Structures are given as structure tokens and as C-alpha cells.
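Peer 1: Work out the full structure, taking the sequences as your base and the hints as a guide.
The listed protein sequences derive, respectively, from chains E and S. Residues 1 to 111, numbered by the working numbering, are exactly what the first sequence covers, in order. Residues 1 to 140, numbered by the working numbering, are exactly what the second sequence covers, in order.
Quick caveat, the hints were computed from the structure, so don't treat them as lab data. Values in this document were obtained by computation on a predicted structure and should not be read as measured data. Incorrect hints may appear among the rest.
Unchecked claim - The following residues of chain E were derived to be distant from chain S, with all beta-carbon distances above 10 angstroms:
#, residue
1, D5
2, D105
3, S109
To be verified - Footprint (simulated), chain E over chain S, 3 or more residues, beta carbon under 8 angstroms:
#, stretch
4, 96-107
5, 111-119
Glycine included, every Cβ here is placed at the ideal spot set by N, Cα and C.
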Amino acid sequence: MNLNDYERDGIAVLEPRGKIMGGPDATILHEKLHECIEKGQKKVIIDLARVEWMNSTGLGILISGLTTLRNNGGELKLANVTDKIQSLLTITKLVTVFEAFDSVDEAVSSF
Amino acid sequence: MRKPTIINNSIRIPSSEEHLPDVDSFLEGILRGYGVEETIIADIAISVTELVINGIIHGNGSNPDKDVTVAISKKDANVEVVVQDQGDGFNPDEIENPIDAKNLLKEVGRGIFIVKSLMDSVAIDRTTRGTRITITKKVS
Numbered sequence: 001m002n003l004n005d006y007e008r009d010g011i012a013v014l015e016p017r018g019k020i021m022g023g024p025d026a027t028i029l030h031e032k033l034h035e036c037i038e039k040g041q042k043k044v045i046i047d048l049a050r051v052e053w054m055n056s057t058g059l060g061i062l063i064s065g066l067t068t069l070r071n072n073g074g075e076l077k078l079a080n081v082t083d084k085i086q087s088l089l090t091i092t093k094l095v096t097v098f099e100a101f102d103s104v105d106e107a108v109s110s111f
Numbered sequence: 001m002r003k004p005t006i007i008n009n010s011i012r013i014p015s016s017e018e019h020l021p022d023v024d025s026f027l028e029g030i031l032r033g034y035g036v037e038e039t040i041i042a043d044i045a046i047s048v049t050e051l052v053i054n055g056i057i058h059g060n061g062s063n064p065d066k067d068v069t070v071a072i073s074k075k076d077a078n079v080e081v082v083v084q085d086q087g088d089g090f091n092p093d094e095i096e097n098p099i100d101a102k103n104l105l106k107e108v109g110r111g112i113f114i115v116k117s118l119m120d121s122v123a124i125d126r127t128t129r130g131t132r133i134t135i136t137k138k139v140s
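Peer 2: This is the structure:
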């Protein structure tokens, strides 16, 4: 997995690519999320368009980011959730926890 | 650190998550060789990485001197994958239900639940030499 990030209208957009399965690669996303929080960034979007799949490690990273942001008065939203990841979010009922949007533009507008 | 060992359709790795991509590449290569659809390859890869992480952490206690072995085979229309660790074993019945409302925001504890959801069968065999988990998925 690798990770691009940029800012849109003051909102951090993280764009992981590849597979999020655990191990050193997965810590890149975890560390970037927490770097955003440490910098005081309270609005974060994760664009999942280029994530082939993730396992429970990836879901755990998303939850960690979400709860840490919410505890700091912020919010994490998802964009471009692929069918494979949507299916995992449904199976695990995390679909009830995350706000997800069809595009980064829609996610940005929702803040 | 010891390196992964590949023998025929099995791969053995020391207990470190840094070897997960090795397991995934090996597994996906074999499944493509079997002609398995990409979406099913993803389901099997998700499941196997879950089981390997469990073997590394809960089975082997992340002891790098202990290994996790993954063996892949195809029997008729089904792919079978056996994941074996060398630890004291864990009891999946002790894992809390991850879809209970009180557990939804927990960062861990979904692995076996996801495997059971994605695979057609999951058999867990706890022995004195470690835990062996056999999963099957219909692929054609």
C-alpha cells in the first residue's frame, strides 16, 4: 500500500492505494491519520477508490481514525467506497458507523 | 530475520506481519493459476491474511522463532487453504460478537467473524502443536 494526501477547502484528503492488510504498510495510513490529528486537522476524508481490498486491520485503522477525530471534535468521512469494501462494512455493520459518499466532492460538501 | 520458505503449494513464514505481502503474493499467484475470479481471490486473500495475523499474534505470540504455514489446494470446484501456527491456540468462542452495538467501535476482534462470513466453511482444530484452521471456498 502507498498513500497520497492533499488538502481540499481546508479538509485533509488521504488517498491510500493497494491493499490494507496489516504489517508495515498499514502503519503508513495509521500514522498519517494521527499526524493530521496532531496538526489540529479535524476534518478528514479517506478516498478508497484505489484500495483493492482491506481486512480487519484496515477496518481497525479507519475506526481508530474516526474515534480519535470525534474525541477531538472532528470527523472522518469515506469517499469512493468500492464494492468489496462496502461489502465488508455491511458484514461488520460498520456501515452504520461511517458516513460514506460517492465522490470526494460530495464528501467535502458534506462538512 | 529468517525468510519465508516456499515448498510446492505452501509457504512458511516466521511470526512477523512484515511477511503478509509475501503470503498474499504467493496465494494470489496460485489462485490465478487455478483460474479463480478476482473477486473471489480477494475474499480468500482477506480471509487468509486474517488467519495468518491471528496465527502470528494469538497463536505464536509474535515469537519470531515460531512459524505460520499456509497450504493451498484445489479439490473439484473448491479451493482449500490450511493455516497452521505453532502456538498454544486460541478459543474463537471467547471472542466477543463484533457486531454487537457495544463492540462496533472496537479496533480489533473482527478477523474470524469476517472469515466465517466470506468463506463457505471454516474448521478450527486446536492441538498441542498449534492451531490449524481449514477454510474452503467454491470457486467454479
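Peer 1: Are the hints correct? Go through all of them and say.
Peer 2: Hints and how they fare:
1. D5: The assertion about D5 (chain E) holds, with a minimum of 22 angstroms to chain S.
2. D105: Holds, since 27 angstroms exceeds 10 angstroms.
3. S109: holds (26 angstroms)
4. 96-107: holds (count 6)
5. 111-119: holds (count 5)
Figure legend: structure checked against the earlier numbered hints; every hint is met.
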